[in-house]
Amino acid sequence: MAKVKALKCKECGKEYPVEPIHVCEYCFGPLEIEYDYDEIKKNISREKIEKGPKSLWRYIDLLPVENPTVGLSAGFTPLIKAEKLGKRLGLNNLYIKDDSVNHPTLSFKDRVVAVALSKAKEFGFDTAACASTGNLANSVAANSAASGMKCYVFIPANLETNKIIGSLVFNPTVVAVEGNYDDVNRLSSEVANEFGWAFVNINVRPFYSEGSKTLAFEVAEQLGWKSPDAVVAPLASGSLYTKIWKGFNELKMLGLIEDNPPRMYGAQASGCSPIYKAFKEGRDWIVPEKPDTIAKSIAIGNPADGPYAVKVAKESNGDMEVATNEEIIEGIKLLAETEGIFTETAGGTTIAVLKKFAEKGVFDPDEVVVAYITGNGYKTMEVLEGHLDRPIHIKPSLQEFKEKVIGQKVEK
Amino acid sequence: MEAIKLKLIYPEDKIKEPILSRVCKNFDVEINIRKANVTDTIGWLELELTGEEDQIEKAIKYMEEQGIEVSPLEGQVFME
Chain B
1 MAKVKALKCK ECGKEYPVEP IHVCEYCFGP LEIEYDYDEI KKNISREKIE KGPKSLWRYI
61 DLLPVENPTV GLSAGFTPLI KAEKLGKRLG LNNLYIKDDS VNHPTLSFKD RVVAVALSKA
121 KEFGFDTAAC ASTGNLANSV AANSAASGMK CYVFIPANLE TNKIIGSLVF NPTVVAVEGN
181 YDDVNRLSSE VANEFGWAFV NINVRPFYSE GSKTLAFEVA EQLGWKSPDA VVAPLASGSL
241 YTKIWKGFNE LKMLGLIEDN PPRMYGAQAS GCSPIYKAFK EGRDWIVPEK PDTIAKSIAI
301 GNPADGPYAV KVAKESNGDM EVATNEEIIE GIKLLAETEG IFTETAGGTT IAVLKKFAEK
361 GVFDPDEVVV AYITGNGYKT MEVLEGHLDR PIHIKPSLQE FKEKVIGQKV EK
Chain E
1 MEAIKLKLIY PEDKIKEPIL SRVCKNFDVE INIRKANVTD TIGWLELELT GEEDQIEKAI
61 KYMEEQGIEV SPLEGQVFME
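These protein sequence lines are chains B and E, in that order.
The working numbering applies: residue 1 is where the first sequence begins, and numbers increase by one.
The working numbering applies: residue 1 is where the second sequence begins, and numbers increase by one.
Treat the hints with care, since some could be wrong.
To be verified - Quick list of simulated restraints, FRET-style, between CB atoms: (1) B:A2 - E:M1: 34 to 42 Å; (2) B:G361 - E:K14: 40 to 48 Å; (3) E:P11 - B:T69: 29 to 37 Å.
Calculated from the structure, these hints are not laboratory results.
The structure displayed is predicted, hence computed values, not measured ones.
Glycine is no exception: its CB is placed at the ideal position from the N, C-alpha and C atoms.
Chain E on its own, in the form it takes in the complex:
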C-alpha cells in the first residue's frame, strides 16, 4: 500500500460534480481529506490518497482528465 499527500484545485465549472465520490467508486483507493475550502467560485482540498500504486496513478489521471489541478502537497519543487 502507498499513501500520497495531494492538493487538488477545482475549476469553477467542476465544483458541483461529485468527482471524489466517483474516484472512490471507480478505483480501489481511500481518501482522507485534511483541509478544504469550497465556495461558489473555487474549491481546493488537501488530502491523503491510499491504495496500491497503480490504483493511485489511475485515480490521479482520472482527476486530471476531469480538469482538476493535482499537485503534491509541497507545491512545485522542481526549479529551472
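For reference, chain B alone in the conformation it holds in the complex:
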C-alpha cells in the first residue's frame, strides 16, 4: 500500500488524486498531503531511521516521494548545544539547529527543494522554476543543474545583477520581468498554472512544503528521540513554522517520541510582520504589507500560510514577537560572538526574538529550547557594514604592536 493516500483540502477536506496541483477547485483552500499513517506505522521505527542515509531522506517514510533523485545530500545538519549563548540568556539547555550549513546552497531551502524536485521528476517534469533573488533561487538553480533539469528564475528587471550571481553561476534561464515584485508574483502564478513546469512554491507546493518537516524530525532524533519544550523559528510565508509543528506531531502520533510537541515561538521582522499582527489582534486572516526591513529572506508581505501559523501558535501555547533592524543586527552578532555561527538576517531575527522571550521569562531555565537558524550570513554580508569593529591599524613595528594592540607601555 502506498504511504500517500491523496491530496486533501485543508479547508473543506475534499480529496484529490496525487498530482501537481495545489488549490481546491471548490473552496480554493490549499491542498495538503494525506498520508496513510496506519500503513506508515507498520514500516517505520527509530532503528530503521537511524540506519538510513545521513540526509533528510532517512525520513522518506514521512515524505511524499517514492524515489529521491534530487538533493540527495540535503539535511542532517548539526544540532549544537549553545552553552555560551545559553549562559547569556539564562538557558541551560539551549540548542541551535544550524541549517546555515545545509547542502548544497547553505539554507533550509535545500530541504524543500530536494523534496519538490524529486517529486517533480516522479511526475515527469523536466523543468523547474521559481521567483526569487535569494536562497530559493540558489537552491532551485543548483539542484536543477545537478539533476539535469532545465531551470527558469523570475526576477524584477530593475534588480542589480550582482544580487543574483549566486544563482547565475548554475546557468539557469533568468527572466527579468519589467515590473515590480507584485507583477513578478502574478506572472509567476499564471506561468505555473499554464506551463507544464514544476514551479516550486506554486503548483508543487504541497510536496515542497513537506520538506520542512525534516527540521522537526532531525531535532527529535538528535536530542535522543525527544521533543524540545519550545522552539523558536522565523516566519516568512508561515510554511516552515507550521511544518515543524506538523513534523513533531507526526512523530508523537507514530510513537517515535513520547513527549508532547513543543511550544512554537515565531519570529518576524518589525518591518514585515503581517502574521505577528494577525496573531496579536486575534484575526484569522492576513492584511498584506509592503515589506521594509533588512530581513529580506523572510520579508513576505502576503504570506499564504499566515492563518495556519497563527493557529499553530495558539494550539501549541506558543507566541510571536518581532525584531527591529538594529535588534536583527545585534542578533547576528550575538550568535557569531557566542557560538561561532554566522547567520543571515532571518537567523538574526530568530536570535533577537529568542532573546526577547528569554528576557520575558517565557522559558524555564532548564527547559530544552531549540532555535532554528535557516540561512548563512556569508551571502548577505553587506547588512553588517558599519556595525562591526574596525581593524587596529599599525606600522610594521613591534613597538607599535605592543602599544596599540596589546596595550603595553614601551620604554623609549
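We have chain B; now place chain E onto it with these hints.
Just chain E now, kept in the frame of chain B:
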C-alpha cells in the same frame, strides 16, 4: 479565454462601494466568488476571473486603482 484565481482585500473605506459590480459592467469578464469575509471594517474575497487576457489585465488594474489589494491566490511567491 483565460482564468485567474485571485484574492482581493478591501480597505475599510471601500467596503460600501459596488466595485465588483462595476468590474463586470465595464469589462468583459466573469467573476465566480468562492470564499469571502466582509465585515464593517474589512473585506476579503477569493474568486476566479474569466475572460480574454487584456480584459482581465484591465479589470485587475481598475481594482488596484480603486485601492483594492489584488494578489494571486497563492499569496506572495516571490522571495528575496
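Requested in this report: Report the numbers of all earlier hints that the structure fails to satisfy, in ascending order.
Outcome: Result: hint 3 breaks, nothing else.
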